[in-house]
Amino acid sequence: MWARRTFISEYSRSELREQHFDSAFGQLWLILNPLLLSAVYFLLIVIIRGSSDSTRYAHLTATLFLFYLVSNSLTGGVKSITAGQRLILNTAFPRIMLPISAVVIAVIKFLPTLAVFLVIRSILGLAFSWEMLWAIPVLLIAMLLALGLAITISCVNVYFRDITNFLPYMNRTLLYLSPILYEASDLKSKLKTLELFNPLFPILDSWSRALVHGQVPHISHLLIALGWAVGIFLIGTYFFLSREREFAVRL
Amino acid sequence: MPSVSKPHKTNEIAVSVRDLSLTYTTAIDRRPTLKARLKAMGRGGKQTRVINALDHVNLDVEYGHVLGIIGTNGAGKSSLMRVMAGIVPPTLGRVEVYGSVSTLLALGVGFNPSLTGRDNVYLGGLAAGMSREEIDTHFEEIAAFSELGEAIDAPMRTYSSGMYARLAFSVAATVRPDILIVDEALSTGDAKFKEKSLNRIKELRSDDRALILVSHAMATLLDVCNDVAWIHKGKLVMRGEPNTVINAYREFLQVGKSAAIDEDV
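So the sequences go chain by chain: D and F. Numbering (this note's numbering) for the first sequence: 1 to 251. Numbering (this note's numbering) for the second sequence: 1001 to 1265.
Rather than coming from a laboratory, the hints here were simulated on the basis of the structure. Any given hint could turn out to be false.
Unchecked claim - The list that follows gives simulated cross-link-like pairs (lysine-lysine, DSBU-like), each with its CA atoms no further than 30 Å apart:
no.	chain 1	residue 1	chain 2	residue 2
1	F	Lys1035	D	Lys79
2	F	Lys1202	F	Lys1192
3	F	Lys1235	F	Lys1202
4	D	Lys79	D	Lys109
5	D	Lys79	F	Lys1192
Stated by the list, open to error - A few chain D positions that, by computed beta-carbon distances, are all more than 10 Å from chain F:
no.	residue
6	Thr91
7	Ile120
8	Phe197
9	Leu222
10	Ile224
11	Gly227
Note that CB positions come from ideal geometry on N, CA and C, so glycine has one too.
Based on the sequences and whatever the hints tell you, model everything.
Written out as structure tokens, the structure is:
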């Protein structure tokens, strides 16, 4: 697997090149896209809702950008196997490299948005602190979760091709069930169970606590998130590897 | 794939296929969906069917030999090639491969049509386990042999089927594997390129290499092969000297030595 890493890097690079992210305007778009997104929500939260709290806006952008890392992994991963049909039918290689490449692409697209967030954060005048470094383990957990989800959904899509059509709705539902447009602490206690059933909930909450508020995230939240990520990754990978040999005749 | 390995002796076994059977389930719909599955649940309709592609096939391929494989459409030729190349695992029996295999199953390269020919060659090679340096050293030769010129840097969706076939053949023929499997890829391309690729196959026909050709072009097989196997409905019907096997096959088809099977390369 490690020996094939050049395939993954080459694949992600040529895929990004094909989407024109190697040109100046393409890279500008990588920054512009999250900026425009956050502008839309700025309109919604700060202007229409009339909230003048600057941390609220920082929370929104930070969590939204991380959410897009996961949702881009899903949208990129879902078709990775079915789109790689020609290669799968003609070459013997570890098929799991295809969804992994999709996640690598999503991570590459995520990095500039992180830089945009840090700029927004300084403009809002929020103080930087060492506790923000807690964001690093949170990011790693989010990446593991994204990888597990991409591997699982790419495999499911071989058997049920219409998953691709459901995906936008699943993504949208996940967006509203996650503490992005609101903060975890705003939630009524009745809805607290959401924290347990949505793996993104503890991840986004911890991410916001660390990166926006400069606090140490709840360790229990980190553990729940890690449990979800490892669980989905292991189950998805097992499912994928046990089905992998069948892909060539199912495509 | 094509790492430099020790030279193989003539008549040494390259691929050994023992009692090979292949059965697989495939979806009846070209595009299986959850919706179709849910709708069928009430009616209890079957969503998959079982295909017996290969039935107890025994076949040895020796180094220094060029084996032609013939048979009607759906006889299991391509399935046999896929199993030999390690793409599809066998259901029963075993396949042993002694050497590096390169496959050129019907239009092998070009898995992502929106990427350029160059990108696809690199990706295909990397997926098959070659290193970037290996591809670098072969790339100029591949590009030159395919005669695609500037088109090598154009997205592959702009290619004609002939251009696809040219690039695919160039890749497979340039990397010089121990065992080269060519599956009906010679049938596209213009007369000039056909001749060129035929010459390349003859060139590759050396003592320390095994070639396996799947084709419907009897004239080509008679010209190039020194061994022909005939597969029908997943079973190996006959194997041996090209003239004998091809004549028997022609008799079976009851078309005699008509122009239709001769004309295509």
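Verification of the supplied hints:
Under the criterion of a C-alpha separation no larger than 30 Å, the hint pairing Lys1035 (chain F) with Lys79 (chain D) is consistent with the structure, at around 18 Å. For the hint linking Lys1202 (chain F) to Lys1192 (chain F), the alpha-carbon distance of about 16 Å falls within 30 Å, and the restraint holds. For the proposed pair Lys1235 (chain F) and Lys1202 (chain F), the alpha carbon gap of about 29 Å is at most 30 Å, so the pair holds. For the given pair, Lys79 (chain D) sits about 18 Å from Lys109 (chain D) by alpha-carbon distance, which is consistent with the 30 Å threshold.
Distance restraint check for Lys79 (chain D) and Lys1192 (chain F): the Cα-Cα separation of roughly 39 Å exceeds the 30 Å cut-off, and the hinted pair is therefore not satisfied. At roughly 5 Å from the closest C-beta of chain F, the C-beta of Thr91 (chain D) falls inside 10 Å, breaking its exclusion from the interface. Even its closest Cβ contact with chain F, about 34 Å, leaves Ile120 (chain D) beyond 10 Å, as expected for a residue assigned away from the interface. Taking the minimum C-beta to C-beta distance to chain F, about 22 Å, the non-interface status of Phe197 (chain D) holds against the 10 Å cut.
Under the 10 Å C-beta cut-off, the non-interface status given to Leu222 (chain D) relative to chain F holds; the minimum distance is some 34 Å. Every CB of chain F is more than 10 Å from the CB of Ile224 (chain D) (nearest about 29 Å), matching its label as outside the interface. The beta carbon of Gly227 (chain D) sits about 28 Å from the closest Cβ of chain F, which is more than 10 Å, so the claim that it is off the interface holds.
Checked against the numbered hints listed earlier, the structure breaks hints 5, 6; every other hint is satisfied.
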